[in-house]
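Colleague: As a plain string of letters, each chain reads:
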Amino acid sequence: MLLRLTPALIVALLVSPILAGVAMALLPAFGYLPALGGEALTLAPWRELLAQPGLARSVGVSFASGLVTTAVSLGVVLLFLADATGSRLDRWLRRLVSPLLSLPHAAAAFGLAFLIAPSGQVARLLSPGLTGWERPPDLLIVQDPWGLSLMAGLILKEIPFLLLMSLAALPQLEAPRRVAMARSLGYRPTLAWLKVVAPALYPLIRLPVYAVIAYASSVVDVAMILGPTLPPTLAVSILTWSHDPDLTQRFLAAAGAVLQLGVTLAALAGWWGLECLVRRLGRRWVDGGQRRRGDSLLRTTGKGALLAATLIAFAGLGGLALHSLAGFWRFPDALPATLTLTHWARALPALGSPIATTLIIAVSATLLALLLALAALENEQRTGRHPAEGRLASALTLLYLPLIVPQIAFLFGLVILLESLGLRARLALVIFGHLLFVLPYVFLSLSEAYRRFDPRWSQLALTLGSSRNGAFWRVRLPMLLAPVLTAAAVGLAVSIGQYLPTQLLGAGRIATVTTEAVALAAGANRRVIGVWALVQASLPLLGFVIAIGVPRLLWRHRRGLRGTP
Amino acid sequence: MNAQHHLDLRGIEVRLDSVSLVTLDAYIGPGEVLTVMGPSGSGKSTLLAFLAGFLPPTFTARGRVLLDGRDIPALPAERRAIGLLFQDPLLFPHLSVAGNLRFALPRRTPDKAARIDQALAEVGLAGYGERDPATLSGGQKARIALMRLLLSAPCAALLDEPFSKLDTHLRQEMRQLVFSRLRDAGLPSLLVTHDREDADAAGGRVIELGH
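Residue numbers (our numbering), protein chains in the order written: chain A, 1 to 565; chain B, 1 to 211.
Please keep in mind that the hints were generated in silico from the structure rather than gathered at the bench.
Keep in mind the model is a prediction, meaning the values are calculated, not measured.
Keep in mind that a hint or two might mislead.
Here are a few chain A residues that sit away from chain B, every Cβ distance over 12 Å (derived from the structure) [unchecked claim]:
#1 Leu-125
#2 Leu-185
#3 Arg-280
#4 Asp-454
#5 Gln-459
#6 Ala-461
#7 Ala-471
Simulated restraints, written as ranges between beta carbons of each label pair [what the hints assert, rightly or not]:
#8 B:Thr-109 <-> A:Arg-451: 48 to 58 Å
#9 B:Arg-79 <-> A:Leu-277: 37 to 47 Å
#10 B:Arg-79 <-> A:Trp-272: 26 to 36 Å
Chain B is faced by these chain A residues, among others (derived, beta-carbon under 7 Å) [claimed, not checked]:
#11 Leu-460
#12 Leu-462
#13 Gly-465
#14 Ser-467
#15 Asn-469
#16 Pro-478
#17 Met-479
Glycine included, each C-beta is placed from N, C-alpha and C at the ideal position.
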């Protein structure tokens, strides 16, 4: 009975805070917030917003970042897949990319910043030999006004995401057979893939692509590390206004939040326009019957770009490690003169409490998400109702709403709502806030394995006299242990990387490794940042170690369960 | 174990949309095997799914199914006391061989370990209890699957082409073992197959389904 209610519960749990949050941003945006003396509807907040210096630039960078990040990431992923022949390099790359998915955005952003900064590793390697620089040049590479480093940092993280989403969708398409068919008609392999597989793949990964657009156009933590500062991106400005001690700035922040919603919607609409254009041009290209031209160029681009992105991400991590251990390090030297554990020793006492808080929040949100996802999937099995694959038919599609609506737009409103209700259970609110973002990923990660599970196992258990609950606990759950733990690891990683929900719902009073690391971005002691960013990057790995290790240990005498996903 | 079980199928009809797939009227006495033959797509697996309680919602079925006089279509699958053998032995991969047999024993069975040892010995697999089912041969798995079905003390058995994936020489051996065991247990059984030799080995009545 309880099980039947889970889909409705999930939808209510996810959709109502978003709707309430957006509503509570809309009202103050038009001057209505009785708690702060706003009794009448007015356009004053908008006038104030439009008078902010550099607003157009903030909006422009946010909008462009949404589209450029997505276009480049998707392009690289598609070109790489087009040429993925299963060679050793391909398999090696895929294995390297998976852990990058669990890498928090902030850690990846710090890694990139350390790499490309005027005094970063790249400049050091090239200096003074090639550049002639004896001291760091006065260049604005990180936090450049165009947001290019911001987009680069996002691309590093979105490529693994889109690649893994595509790899999960590909088996349905029988890509090898399609390509073989096209090749037998004389098409070169890469062109064959792009012409016969890519058009079928895109609809299956459309939702993740939209999530990337929404995320890249409204991200806060990466923008605080890599994004422009004068003016910052729109999302960062909203956060600053909403933290302003002058409470009347809340009206300005609310108007900003609504504008952010508009910017993200505009980016999504712009992308939709691009989709139409590409579809039209693409159809002409596919119909054109070109079989060879450009094949080798496309091939090297895809593989080269993916390789570069992966190597940069790992080099960034290496840079973080190096900085966290560096003693005296003169500028053009490629390596520090001395290595020391001082920075770690000094940070250690301060690390304990944020790590504990991070884990409490992550474990609670993940357990709740697993419970809900398992209940919804089990209900789906028992009622025999399966949502159509890839179509927006099921109400559970609303699950992805938190990934499409910009975080800052509804979290800001939610905070206003909670404040006016007087809710102060900060830790519980933060856990709930994380759940909004953890649940979609846990569900996404688990549903595939759950729906593919051979129904005969449960039928068999029932004919042997086991109850439905017994069949779930004694057959389905143990046999699906590995995917369940993987989903849990994904959930933990998502929660650990969250910045904005912790910051806003915790009213700045709940410190996790992520909020602490991002807070250091302004301070700019690289050695300390190195320590914190590395800790932030390694926490999610714990989950994956457990997800891989426990089934191996538990099923070490059960050959039938090894090698299954 | 030798109770007098009987399965009475009255006016069974399974439909997909408005198309009638299977119609069946039959009485299966204790230890008898009724064979339903037909090509793939004739609806014979759907018939078994209906009897076992797993009819997909796209199908509709009507008719009375009386097992030992109880009308069972209203019951959930786990309370029908109908055992099922699939094409694959489907030994639970996370349990040991003995764990698979223990799974089938009714909860309050006294002296479970002895029952399991005895069952293993009866099919020549004494001492295999702690083995990982994935390490058994095809024939050994099939025998464990049969013993698992019998240990659950069903009142009837449904066989869904249980020999089709075995090697030729094993097939003959398994047919004999399965049918003699079912007969000894006094279970009314329904076999669906497209293999004439299965039907001959079963030795009971044969009903052929058309398209």
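Colleague: With a cut-off of 7 Å on the beta carbons, see whether Ser-467 of chain A makes it to chain B.
Modeller: Holds, about 6 Å.
Colleague: Verify the interface restraint on Met-479 of chain A: the C-beta must sit less than 7 Å from at least one C-beta of chain B.
Modeller: Cβ of Met-479 of chain A sits 6 Å from chain B, so the hint holds.
Colleague: Is the Cβ of Gln-459 of chain A more than 12 Å away from each Cβ in chain B?
Modeller: At roughly 5 Å from the nearest Cβ of chain B, Gln-459 of chain A sits no farther out than 12 Å, so the non-interface label is violated.
Colleague: Is it correct that the beta-carbon of Ala-471 of chain A has no partner in chain B closer than or equal to 12 Å?
Modeller: violated (8 Å)
Colleague: Checking a non-interface call: every C-beta of chain B should be farther than 12 Å from the C-beta of Arg-280 of chain A. Is that right?
Modeller: holds (39 Å)
Colleague: Given a cut of 7 Å on the nearest C-beta pair, is the interface hint for Leu-460 of chain A held or broken against chain B?
Modeller: holds (5 Å)
Colleague: So, Pro-478 of chain A near chain B? Judge it on the closest CB pair being under 7 Å.
Modeller: Pro-478 of chain A check passes; min Cβ-Cβ to chain B is 5 Å, inside 7 Å.
Colleague: With d taken as the least Cβ-Cβ distance between Asp-454 of chain A and chain B, does d exceed 12 Å?
Modeller: violated (8 Å)
Colleague: With chain B as the partner, please determine if Asn-469 of chain A meets the hint condition of a C-beta pair closer than 7 Å.
Modeller: At 10 Å from the nearest chain B Cβ, Asn-469 of chain A fails the 7 Å test, so the hint is violated.
Colleague: Identify whether the interface hint at Leu-462 of chain A stands, where standing means a beta carbon of chain B within less than 7 Å of its own.
Modeller: Since the shortest Cβ distance to chain B is 4 Å, the answer is holds.
Colleague: Please check whether the beta-carbon of Leu-185 of chain A is more than 12 Å away from every beta-carbon in chain B.
Modeller: holds (33 Å)
Colleague: At the C-beta level, are Arg-79 of chain B and Trp-272 of chain A separated by a distance inside 26 to 36 Å?
Modeller: violated (53 Å)
In the structure shown, a violation is registered for the earlier hints numbered 4, 5, 6, 7, 8, 9, 10 and 15, in ascending order.
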